[in-house]
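Enquirer: In case you want the letters, here they are:
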Amino acid sequence: MTVTPQVEGLLDVDRIREDFPILSRTVRDGRPLVYLDSGATSQKPVQVLDAEREFYERHNAAVHRGAHQLAEEATDLYESARARIAAFIGARPSDIVFTKNATEGINLVAYAMSNAATAGPESARFRVGPGDEVLVTEMEHHANLVPWQQLCRRTGATLRWFGLTDEGRLDLGGLDELINERTKIVALTHQSNVLGTVNPVAKIAERAHAVGALLLADAAQSVPHAPVDVRTLGADFIAFSGHKMLGPSGIGVLWGRGELLEAMPPFITGGSMIEVVHLEDSTFLPPPGRFEAGVPMTAQAIGLGAAVDYLSAVGMDRVAAHEHALTAYALQRLGEVPGVRVVGPTVPEYRGGAVSFAVEDIHPHDVGQVLDDLGVEVRVGHHCAWPICRRYGIPATTRATFYLYNTLGEVDALVDGVRHAQKFFGTA
Amino acid sequence: MTVTPQVEGLLDVDRIREDFPILSRTVRDGRPLVYLDSGATSQKPVQVLDAEREFYERHNAAVHRGAHQLAEEATDLYESARARIAAFIGARPSDIVFTKNATEGINLVAYAMSNAATAGPESARFRVGPGDEVLVTEMEHHANLVPWQQLCRRTGATLRWFGLTDEGRLDLGGLDELINERTKIVALTHQSNVLGTVNPVAKIAERAHAVGALLLADAAQSVPHAPVDVRTLGADFIAFSGHKMLGPSGIGVLWGRGELLEAMPPFITGGSMIEVVHLEDSTFLPPPGRFEAGVPMTAQAIGLGAAVDYLSAVGMDRVAAHEHALTAYALQRLGEVPGVRVVGPTVPEYRGGAVSFAVEDIHPHDVGQVLDDLGVEVRVGHHCAWPICRRYGIPATTRATFYLYNTLGEVDALVDGVRHAQKFFGTA
Amino acid sequence: MQPQLEAMYQEIILDHYKNPHHKGLRDPYDAEAHHVNPTCGDEVTLRVRLAGVDAGDDAKIEDVSYDAMGCSISQASASVLTDLLIGRTVGEAQRVSEAFLALMQSKGEGEPDEDLLEDAVAFAGVSKYPARIKCALLSWMAWKDATSRAFAEESSS
Amino acid sequence: MQPQLEAMYQEIILDHYKNPHHKGLRDPYDAEAHHVNPTCGDEVTLRVRLAGVDAGDDAKIEDVSYDAMGCSISQASASVLTDLLIGRTVGEAQRVSEAFLALMQSKGEGEPDEDLLEDAVAFAGVSKYPARIKCALLSWMAWKDATSRAFAEESSS
Ligand SMILES: Cc1ncc(COP(=O)(O)O)c(C=O)c1O
Ligand SMILES: Cc1ncc(COP(=O)(O)O)c(C=O)c1O
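Protein chains in written order, with the numbering used here: chain Z, 1 to 428; chain B, 1001 to 1428; chain E, 2001 to 2157; chain W, 3001 to 3157.
In case anyone wonders, no lab produced these hints; they're calculated from the structure. Glycine included, C-beta positions come from ideal geometry on N, C-alpha and C. Among the hints, a few may not be true.
As the list claims (entries may be wrong) - Taking CB as the label site, the calculated pair distances span:
hint : chain 1 : residue 1 : chain 2 : residue 2 : range
1    : Z       : T283      : B       : A1210     : 43 to 53 Å
2    : Z       : Y350      : B       : T1026     : 52 to 62 Å
3    : E       : K2023     : Z       : D50       : 50 to 60 Å
Let the hints inform the model, and build the full structure from the sequences given.
Expert: In structure tokens:
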């Protein structure tokens, strides 16, 4: 075991870990859990679990529908959560829509764009058809790729993409050609869940706006890990998931510029999003109501409200600094292991804490199996971003991701585990 | 106060109520809570809350994605919940899809039908276009009306509907004309959330199938309150919500016949629903995976699993009998109050426990306010089924809905409250 | 009868509800607005008749007429609105409207200006019930809407 | 080295992984199938060559060749498959395949038939790891698929 060095910017992890009951459990024959898979989903502090339970035990009712006291209390809690979550990203409460996950948020925009074809003239700017272009990148999570493929399929528009450099950055060489007057929307990840790369959203948005295109940033991996302010980000829409940022499963957020949401046709329709309903036809509420059909994810929104309170109390800049330190340390230590190749930027600048790597002559599944056996839980596979694997000519990767509750010692456990795998398979 | 009579079929409510912490709270200046709004959303037993919490504190991970122990445990719990929920309605596990609520389930089918236009030939039977007809009823919840209006808007198909009789039943006089060879799908509620009416789904399905049409039953109000078996119901699809059946918010179910789901194009797309992804195009998993994009509502599915365990332990036939007794009693006692008119069937046969009524010369909002002041929580308004109000020429109704934790004494409190409102507003 | 209930349903409100003032749609009018409360289906159609539209805030409200379907609170509020606004200038009416809105958002803690709001102070108790605030505001929103339409039509003609 | 890990990565498995049998795609063949594990991206392309396709279950498996990209478990499993199935009749092979599937679903509790499964019994430990079962089954699923294609092509020609 390596002696843990003194590193700047680390949080008081011992105290934080007390809030996360799962982190004190053991796995596989009594090994302490080393959870390095927060990029897939994060663990939850008791504060979040308590907020949800308190809601169910004291205030549960259908929001925005009842006139009785429970319904009032539930509505208040739900809308107060919306206000705090909005503030967390510098947004107005009426500009955030609750979805079940980031995936639904992205689909909402993609479907609104095809629905614009049969909506009123106020939605004209969202219409897409043959000749129009939709632009993504080669590093997108399937959640920010497949919905756009399907939009193109429904409308006859053309899908194009930014390629990647060997270092795991976007290749912006063709920026001005790729974003042109045919481009209707640019959909790109703010932070890659595989490479860790943080993309220059503002710069790309500037070009997109210059040609009248919209820009959606997939913020599923950025909002949980660093301060994000929609007033300076440059994007017109962002989507993220609660479960990756200490919140419950089953809740996500779509933020959009007010004037865009205002003009957008609905996606999922039903109760609570209507203004007047006749059998023949209906009219719809202004946002965010227009996009929240049915009884919503009430307890989950309240849980996510508690999660952003928790993150704000720690401070998102401190969360980012902590992860930056862990990432730098992981890049350095993995770099020292012969036969290990990091896929993605090997410097901690403009990158977040997703560290993917290949171990020579050992398939990631086998690396993961050895790590799991040691209690080190990482993810292996294509991480829902298959085109990245194709781009770098690898079948899959092993990926470690960090959060505010991880330690340098856990990075050591990862590196030790990789060396163990090499010994086990006889490659080193 | 009335002396509570001896009635057949009642459950041991005292014991049941101990499982529901919220039912022992007070509202408005210390009044005991009389919760008669389970039709909007039900309360949750500790068994459900414990199942969710236990998941988060012990097993939380992203399902179907990881190879480590937590991911295995989470996947097992999620799929075991699916199997038990499927068994609860007599279905195969692979034929149920988790959605965020019933509304999403209905939208899934409606969007799959418009997506069929640009999907492969296997989806041909779902295609709709000009000349085709979509059939609903005048008693639909907006969740089972607006998505079909929008499908017609997207595709140019025509929306038609069954009217209602003065007694609050479907007017099936025009059955053979309304369901004809142009009909692609019939979407109707199994049990009305306003009138309480239980519709003859099997009979209507028989006619629909005879002309090659599909039938979707909105089971949001039936599955929570009575035994439902998809093998005998006659429907091709049913949708329902967890939050109305003791489960958490943020989870719903769409069931479909296996061979239909198999042939249906996806709705929401992204991670976890794909087979192979290229930048240009992707292929999709078989059901149910194809319809579950993104990290799912894991804890909520597990919570809903605990809810169906709870309901099964009580026995759905006994739940139905209990509600039947409460409903009969409520219809009788409300019938004795001068100036009160029940909207919907006034006999408890072929009806569930939603009792809507009008109080002469007092607006439902005002009735509801007086009741709320007494701790009796009912719903007032159009209950997301506006066309019903138009049909019966009333602006809104007051609605009481019952569940397994309600008592005859609570029905008495409702009736006493209505009389109190009449005194307060000087109408009796 | 509960004290809370009495606090909400002040005699003044019940009086306006039972005997609404200025009810019914009247001609002539400059603009009309139809507003609906989507949660409960309450509806109001409201017309305004202004004198001197080109005087802006100094235009005088000659008439406000309405037809409404809804609960005691929304009905009484419409009736009180007509009492308060007919005969005032648009500028004065806006101040009244803002004061009423503020009262409704006060969660039962407001100190209403009786001189300005007159009978409308009776609605203070309503502000404790979020679901009913919309009822109280329905006709006020329709009035605002109708008034801005009246100005818009004037300026486009 | 953990006992659990050893139980999974039996020497036999590691041997087949490092020195796979019958690897590579060969001609002639009657049918080919390409299978993918969507969770991790592992892929196998597998060809079968039958003698006497019209004999049904009595047709003899002359060759099984494959190309695979994936982890030790999926590679070793493909190698073991070829050892077990080449030279058998389709009917016998189906029994082997079913026995292997049953072993994989046994959650580590299976009592594998050593006479039937030979080297494949080494995969018993894999059945405790749900995420790896798919790896072990990948080539078997491809074989089933290719075989039924071979029959389908025969009957349609
Ligand atoms: C008959 C009926 N259908 C559909 C729904 C919609 O359910 P949800 O809002 O949970 O999607 C409801 C409840 O609101 C209902 O009562
Ligand atoms: C970059 C990125 N985008 C989108 C998603 C999709 O999030 P979810 O599955 O919660 O919808 C994820 C996580 O899986 C992600 O990492």
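Enquirer: Looking back at the numbered hints, which does the structure fail to meet, lowest number first?
Expert: 1
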